[in-house]
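Enquirer: Respectively, the protein sequence lines represent chains A and B.
Just add 2 to wherever you are in the first sequence, counting from 1, and you've got our numbering.
Just add 2 to wherever you are in the second sequence, counting from 1, and you've got our numbering.
It is worth saying that the hints were derived from the structure and are not from the lab.
There's no promise every hint is true.
Note: identical chains are not told apart, hence a pair may lie in one copy or across any two.
[Said to hold, decoys possible] Once the Cα atoms are required to be at most 27 Å apart in a straight line, the calculated DSSO-like pairs of lysine-lysine come out as:
(1) K253 with K38
(2) K172 with K41
(3) K172 with K257
For reference, the chains in residue letters:
There are 2 protein chains.
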Amino acid sequence: MRLPSFLRRRPPVAAVDREMGTSPGAILAAGGAEDKVKKREILERFVKEAGGGKARIAILPTASSIPEERAAFYSGVFGGLGAEAVSVPIAARADAQSPSNVEAIRAASGVFLTGGDQSRLVDVLSGTPALAAIVERLRAGGVLAGTSAGASAFSATMIVGGQTGLTLRKDAVKLSAGLGIITRLIIDQHFSQRDRLGRLLTAVALKPEALGVGIDEDTAIVYYGSGDLEVIGTGQVFIVDNSRAIANEVKGVPKTRPFTLAGVVLHVLTAGDRFNVVSREMVLEGGVPARA
Amino acid sequence: MRLPSFLRRRPPVAAVDREMGTSPGAILAAGGAEDKVKKREILERFVKEAGGGKARIAILPTASSIPEERAAFYSGVFGGLGAEAVSVPIAARADAQSPSNVEAIRAASGVFLTGGDQSRLVDVLSGTPALAAIVERLRAGGVLAGTSAGASAFSATMIVGGQTGLTLRKDAVKLSAGLGIITRLIIDQHFSQRDRLGRLLTAVALKPEALGVGIDEDTAIVYYGSGDLEVIGTGQVFIVDNSRAIANEVKGVPKTRPFTLAGVVLHVLTAGDRFNVVSREMVLEGGVPARA
Numbered sequence: 003m004r005l006p007s008f009l010r011r012r013p014p015v016a017a018v019d020r021e022m023g024t025s026p027g028a029i030l031a032a033g034g035a036e037d038k039v040k041k042r043e044i045l046e047r048f049v050k051e052a053g054g055g056k057a058r059i060a061i062l063p064t065a066s067s068i069p070e071e072r073a074a075f076y077s078g079v080f081g082g083l084g085a086e087a088v089s090v091p092i093a094a095r096a097d098a099q100s101p102s103n104v105e106a107i108r109a110a111s112g113v114f115l116t117g118g119d120q121s122r123l124v125d126v127l128s129g130t131p132a133l134a135a136i137v138e139r140l141r142a143g144g145v146l147a148g149t150s151a152g153a154s155a156f157s158a159t160m161i162v163g164g165q166t167g168l169t170l171r172k173d174a175v176k177l178s179a180g181l182g183i184i185t186r187l188i189i190d191q192h193f194s195q196r197d198r199l200g201r202l203l204t205a206v207a208l209k210p211e212a213l214g215v216g217i218d219e220d221t222a223i224v225y226y227g228s229g230d231l232e233v234i235g236t237g238q239v240f241i242v243d244n245s246r247a248i249a250n251e252v253k254g255v256p257k258t259r260p261f262t263l264a265g266v267v268l269h270v271l272t273a274g275d276r277f278n279v280v281s282r283e284m285v286l287e288g289g290v291p292a293r294a
Numbered sequence: 003m004r005l006p007s008f009l010r011r012r013p014p015v016a017a018v019d020r021e022m023g024t025s026p027g028a029i030l031a032a033g034g035a036e037d038k039v040k041k042r043e044i045l046e047r048f049v050k051e052a053g054g055g056k057a058r059i060a061i062l063p064t065a066s067s068i069p070e071e072r073a074a075f076y077s078g079v080f081g082g083l084g085a086e087a088v089s090v091p092i093a094a095r096a097d098a099q100s101p102s103n104v105e106a107i108r109a110a111s112g113v114f115l116t117g118g119d120q121s122r123l124v125d126v127l128s129g130t131p132a133l134a135a136i137v138e139r140l141r142a143g144g145v146l147a148g149t150s151a152g153a154s155a156f157s158a159t160m161i162v163g164g165q166t167g168l169t170l171r172k173d174a175v176k177l178s179a180g181l182g183i184i185t186r187l188i189i190d191q192h193f194s195q196r197d198r199l200g201r202l203l204t205a206v207a208l209k210p211e212a213l214g215v216g217i218d219e220d221t222a223i224v225y226y227g228s229g230d231l232e233v234i235g236t237g238q239v240f241i242v243d244n245s246r247a248i249a250n251e252v253k254g255v256p257k258t259r260p261f262t263l264a265g266v267v268l269h270v271l272t273a274g275d276r277f278n279v280v281s282r283e284m285v286l287e288g289g290v291p292a293r294a
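Can you make the complete structure from the sequences, with help from the hints?
Expert: Rendered as structure tokens:
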């Protein structure tokens, strides 16, 4: 099973997750539609990871079609949670070179990528000083968060579209190169709500070395340098491990027909669950990994 | 993890699959909406298993709300495939005691249960001479087929309803006692088309000793006494193996919240694939089981 050539041509820009090691930094990937007015659990956790009352949040509304409105809205929410928040107005590649924008990222303890269109996010940020500054913050212990498109874009291989439902077919998913910050995971969002398991299974059939992670709305993973991720929020996180498949026949099967994918390990996790993406096992209370 | 008491109270009526051994008989379970006018692959396979040109098919339209129409329709289809077919007009429990109906089943090489309402099928047939005759035919090498509700009803623990989608919650599935002909499998149908993975995962969380089998429309399993099943038709069969779960927390979680189910093994099979339900492994060409 090899990646399509369009994916292999473009190497990950700045893979961080394999290098984070014992870095205190964390990546928070949310499935979209997170609660912003009531319990605000996910956004509050982000602020806490970024320093709580001392947090300085840089909001990048780059993925959004209404970036100013989005940034102003999240700015109010983060303010209400006790953080200082600034909008970093990056809408085009030129903005991602601007010294003032890069400086705003460097000064932040947490960087937040809004939802919108993950392809726009990648087109604007790839290979820019702004992305380099985000990666630098993360390596130095800063926190990076993204919701919906902002979460998908973290992956080296990014899901940009596909079919709804349970059918596994070559054309059930559209993949492209993402920001490359995370190489171990392929992240999908609005997962149960938009019925996306078929496209995630198809993605891991095409790229079995990555773990598929499908995140529900108002749900997130907090992913640490140790390889542990923790689930927070009200929904589910689907983890799809295709590394031990006993049949994976996507190659050679016409795109009009479903293909066989046997021996996938599926984990459906909820709030409080911890999972290590290196050992691909759940982490039980006390740090002891669970074994099948 | 134990079965709810309403399921434990009523033991399987006539479990056959654990006893079939080397019996030449087979059970064909179809996911509904099988092609009846063009390739007719699934119905043709049933006729072939039942003796081809020598097949005598007994049609039980018991599950249907329009039993006479359904029986007449299938009678025409089986006739077109070269078999002799008779309708066995069992609509109420009294009909399932009638000597002429029981005799019609005894004289058949294949018995076919139509779709409709699986609860009606179980209410009418459970504990009757008609069901005993079906089981007797199967033990003697006859073939039993069911589509849609007719397939679901084979199970000892039967899915009678539930929620659509990917959410795992206690109330995502409604279980009841089925005909009990198959004890190893919990069968669901119209699977991808009606988006039923959440309810099947919930079913195996409640009953981890059974394999969950979700069958797409125009797709079927042919299940032999050896424990092998073969997939036929144009869609997918989802096999959900919860026997090696590393977390299965349905108990104690309120029905309003999703629960954790980790370490499920998922197989998505297509036409030509063979799987052994005892070893829970794929069977490769030449009869060698595939291992993870």
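Enquirer: Each hint needs a verdict: does it hold in this structure or not?
Expert: We went through each hint and held it up to the structure:
In this assembly of identical chains, the alpha carbons of K253 and K38 never lie at most 27 Å apart, being 43 Å within a copy and 31 Å across copies at closest. For the homomeric pair K172 and K41, the shortest alpha-carbon distance between copies (24 Å) is at most 27 Å, but the shortest distance inside one copy (40 Å) is not. For the identical chains of this complex, K172 and K257 are intra-copy neighbours only, at 5 Å inside a copy versus 36 Å across copies, given an alpha-carbon limit of 27 Å.
Violated hint: 1 only; the structure is consistent with all others.
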